[in-house]
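S.K.: Work out the full structure: start from the sequences and follow the hints.
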Amino acid sequence: MSGVGLDPKTAPTFPMAAKAMLGDTQLRKNVRHATDVIQEKRARVVGEMPDWQELREAGRQIRRHTMEYLDFYLEEFEANCTRAGGVVHWARDAEEARGIVVGLVKASGSDQVIKIKSMTTEEIQLNSALEAAGIHPYETDLAELIIQLGEDRPSHIVVPALHKNRQQIREIFQREMKLPELGERPQDLADAARMFLREKFLRVKTAVSGANFLIAETGGVCVVESEGNGRMCLTLPETLITIAGIDKVLPRFQDLEVMLQLLPRSATGERMNPYNSIWTGVDAASSGDGLRDGPRVFHVVLTDNARTEILADEEGRQTLNCIRCGACQNACPVYRQTGGHAYGSVYAGPIGAILTPQLQEMHHAQSLPYASSLCGACYEVCPVKINIPEVLIHLRNKVVKQNTAGVAGLFDVEAGAMKAMAMIFRSERRFRAAQRLGRVAERPLVRRDGQGEGWIGWLPGLLGGWTQARDLEEMPKETFRDWWERRGRDGN
Amino acid sequence: MATDMVTNSRAEVLRRVRAARGGTSDGVAVRAGWDGIAREYRRKGTREREGLLALLEDRLRDYDARVVRAAGEGVGQSVAKRLVERGVRRMVVPVGLPVEWMPVGWLPASAGEVEFVVDEGLSSEELDDVDGVMTGATLAIAETGTFVLQNVAGQGRRAATLVPDYHLCVVRAEDVVETVPEAMGRLQETAGLATTFVSGPSATADIEMTRIKGVHGPRSLDVILIV
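Those protein sequences? They're chains R and D, same order as listed. In case it helps, my numbering puts the first sequence at residues 1 to 492. In case it helps, my numbering puts the second sequence at residues 1 to 227.
Keep in mind the hints are simulated off the structure, nothing from the lab.
When the alpha-carbon atoms are kept at most 35 Å apart in a straight line, the in silico DSBU-like pairs for lysine-lysine are as follows:
#, chain 1, residue 1, chain 2, residue 2
1, D, K213, R, K200
2, R, K205, D, K213
3, D, K213, R, K41
4, D, K213, R, K29
5, R, K106, R, K200
This structure is a prediction, so every number in the text was calculated from the model and none was measured.
M.R.: The structure is reproduced here in structure tokens:
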């Protein structure tokens, strides 16, 4: 039922995928509109906060401190969650995480699950594993439902279906929910989703969620959402399975005072999102009205999946500070042109450009560190001050080192070209010859623009990499050296 | 064998974390490190009581909630008025809701036109069958337009404030704080309880970034502020 996940192992390189996306004017219009709206809202509510920079700094320090002592906080979370009646599982990689979740769902006796939007479950491609085991997952976030019914893939961390407009969503709902008379107003579409899912919320006994934060001090889990679908999944079923990366830990309950100010304002441009749920283990019915509140069985799956690789890299480590607000995506000029799918990963945009290759231990998605203009807009909006441009450059170095290491390095074309360039630059005679050769060779490729300037939009063969993403200006008719010599000869 | 694998995964992930960070964390250093985090942001608000309440009202209205004030004995009357306005016939209330907040002549079975049902463990289907729910709140945050519900007397189970279409929340003025840090400070002692922050009715902006109310949770929200 759900489409094939975005898999960095099989996805085309960013320049190739981006080229195709740039041709989709409807998608670009949808992405531009959505990111404009969120950015405008975000700027307004961030502007209200006189202490925004102090909050960012505290956020950065809390996250850095957590990574510094991650083993301590993971064990503390495990102990407190267990004491409160939760069951904590550990997964080394995606395969193990999938296996644990599938096993737990089967043990719950259900062949259906309701799901809260979770990028971690997308990352480990949980839905196809559930389906392969005969378990049907129902996505309950409106955007994720649109993606699931449309056999599409998410393109944004916070608003996964922002690449679809209302007509496109209506077509999907008409077809999949069998509603030929469905209206076109956003309200009609939301009502259809409400009708479609209400019955599932009341009937399905097992839920799967992600987590925004795991609180070490209390063993509590926090989920931030807007629609109430999250609360439905966390509250009504008998069994709740929460899957979280090991990076989601927060030291103390009090630290939420920083994160709950930074996250909603950065993510959706709201002072606070409609619902934050914080729960700890299973309710022992020892307080309040004595009635049991929420699931009877609660599992947390702590997933590494290459996060410890990132932790081990001193310069790349700050990537783990990310709280998944998506502000960097909205601000990024590259993302705003291509949308999310070009990144070939569920984590798109600037954060995806640094997170995805590292989650792949730098073996896949190597073109992503180059999918950026290094303009710094992502760093400026990041609520926990991740210096994304710095990490991008660090990863570019890693990519080059990996590709020039060993036998492959002997045949590396780029390294060879650089050597040839160095040789040319060392000799005046060779340099002049190269300039002359260049002017002759470029002639058939030069096109005039409206101002009469000459531009090259396509270079052949290996040089083509340069013109894939930019145009090249025509070489000047006369070089500075030629002009200088002519000036001397003419006696001016 | 399965147990072995589970134990091994735990040990392996922790081993990797420690290898990446150069050893096992020491509790004293962890504590000192946390204490050393710079927290230069605002903790306390600066507003006087009236300014504080006005801010809360403004922020709640911005979220499409209706807000009214009521004095001590007028709460029940104000509740009755809201329920008539909203056309509500069946309301669920949690155990322990203050009786003085109920409309005059209220009895557990009915109050004139409106029938009240006390949640003594209603099923999800039964909750789906009532028109609305009425609760108190632990506190409210003026700056963000938020009130906080916990699993305590008068606020009830999470499902009760989620499944019905309409939510009427009664907030005491003395429980209103200005900033998020002030709220977290007050919640610290009961941090283990199921806690829900509510800011306006259920909403989504997933379709062309147009804000739509009432996707899965309550579609409408009224707040009565007791002053």
